[in-house]
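Number of protein chains: 2
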Amino acid sequence: MLSKKTRYALKALVVLGKNFGGAPMQISKIASEEHIPKKFLEQILLDMRNAGLLYSKKGSGGGYGLVKDPAEIYMVQVLRLTGGPVALLPCVSLNFYQKCDECTNEATCGVRDVFVEVRNATLKILSETSIADVINREEILIKNFEE
Amino acid sequence: MLSKKTRYALKALVVLGKNFGGAPMQISKIASEEHIPKKFLEQILLDMRNAGLLYSKKGSGGGYGLVKDPAEIYMVQVLRLTGGPVALLPCVSLNFYQKCDECTNEATCGVRDVFVEVRNATLKILSETSIADVINREEILIKNFEE
DNA sequence: ATAAAAGACTACTAAATCTATATACTTTAT
DNA sequence: ATAAAGTATATAGATTTAGTAGTCTTTTAT
Chain Z
1 MLSKKTRYAL
11 KALVVLGKNF
21 GGAPMQISKI
31 ASEEHIPKKF
41 LEQILLDMRN
51 AGLLYSKKGS
61 GGGYGLVKDP
71 AEIYMVQVLR
81 LTGGPVALLP
91 CVSLNFYQKC
101 DECTNEATCG
111 VRDVFVEVRN
121 ATLKILSETS
131 IADVINREEI
141 LIKNFEE
Chain Y
1 MLSKKTRYAL
11 KALVVLGKNF
21 GGAPMQISKI
31 ASEEHIPKKF
41 LEQILLDMRN
51 AGLLYSKKGS
61 GGGYGLVKDP
71 AEIYMVQVLR
81 LTGGPVALLP
91 CVSLNFYQKC
101 DECTNEATCG
111 VRDVFVEVRN
121 ATLKILSETS
131 IADVINREEI
141 LIKNFEE
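Going down the list, the sequences are from chains Z and Y. Mapping to the working numbering: the first sequence position 75 is 75, numbers consecutive. Mapping to the working numbering: the second sequence position 47 is 47, numbers consecutive.
These aren't lab readings, by the way, just hints derived from the structure by calculation. Predicted, not measured: the structure shown is a model, and the values here were computed from it. A few of these clues could be false.
Covered stretches of chain Y, as calculated for chain Z (at least 3 residues, CB under 8 Å) [to be verified]:
hint, stretch
1, 5-16
2, 29-37
3, 80-90
4, 94-106
5, 119-125
6, 131-143
Built from N, CA and C at the ideal position, the CB exists for glycine as well.
Produce the entire structure from the sequences given, and follow the hints as far as they go.
What follows is the structure, encoded as structure tokens:
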């Protein structure tokens, strides 16, 4: 499961994506719109700012905005940035690799082999889907929902 | 990430799969072979027995064995049985569904939509791969490894 | 110049979950 | 009868996650 941190980050980026090009958006606005605890969101946005994904502006009229076009921000980036595991086993993770202590020979582990496949399938989707894609999907969903 | 419980369960089932048709295998043997804490493994095997996946025999010469052919036990079953989440979001899980409290309209959530896709891809692999397949994979891996 | 707005940064706490261990009991083979 | 092996429940310890609190800094408006 993804952590709340990762979930909140994705939600916030979608909101900021919709706002791309406009004036910076305040944390409290994002927080109330998306039902995210404000103080928690502060930390998350800060992380993403420090990673270069967002810019921030202090003072009156300040807030957060996307640095890049939402079409260039991929979901996998957000997962990794917020520490979300893409792989289901540590020994299969590309960015957070860790040996399984119980395993004697990783190279011949059949369970691992299956989860490499799972990781590849997941990674394919998450590295092909951008925040802009998510926004597009939402528009389609809303259309279908209203019918 | 999968829990250790799930990982241990899968490992144990692979060992029991290799032993299918033979005499019951003792917990302590499985535990030492796979480097799993014995007492922890006891609980896990019990769970799987209560779920009808394993049989057990008490007393001298007792132990555990698979009830069904390893070709008929699918990885997804093991994940679900040991509480492992297949989905990356609670609102996307088929067997452990839970509403995301922050979400206002699930039906039009783009993030969710993407993770439905991820779940489907994962599920496809895990519900097509049996313990017997894992054992086969291991044989292939060993062959390639020895070359 | 000053006050208010808004983010930056650090620390901490509470809750949940996971992993593992301990203890006592039951069944079965010899 | 005894030893081997699983059954069952409780609990402890560790780790992670989620969330809160408080203070500091920067910027804008007046």
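For this session: Mind taking a look at whether chain Z covers the stretch 131-143 of chain Y? Criterion is 3 or more residues with CB to CB distance under 8 Å.
Result: With 8 residues in contact (Cβ-Cβ under 8 Å with chain Z), the coverage given for the stretch 131-143 of chain Y holds.
Exercise. If you look at each residue in the stretch 119-125 of chain Y, do at least three have a Cβ nearer than 8 Å to any Cβ of chain Z?
Worked result: Held - the stretch 119-125 of chain Y has 4 residues with a Cβ nearer than 8 Å to chain Z, which meets the minimum of three.
Exercise. Against chain Z, does the stretch 29-37 of chain Y show at least 3 residues with beta-carbon separation below 8 Å?
Worked result: holds (count 3)
Exercise. Taking a Cβ-to-Cβ distance below 8 Å as contact, does the stretch 80-90 of chain Y have at least three residues touching chain Z?
Worked result: holds (count 5)
Problem set entry | Claimed coverage, the stretch 94-106 of chain Y by chain Z - three or more beta carbons nearer than 8 Å | holds (count 6)
Exercise. Taking a Cβ-Cβ distance under 8 Å as contact, does the stretch 5-16 of chain Y have three or more residues in contact with chain Z?
Worked result: holds (count 5)
When the structure is compared with the earlier hints, no violation turns up for any of them.
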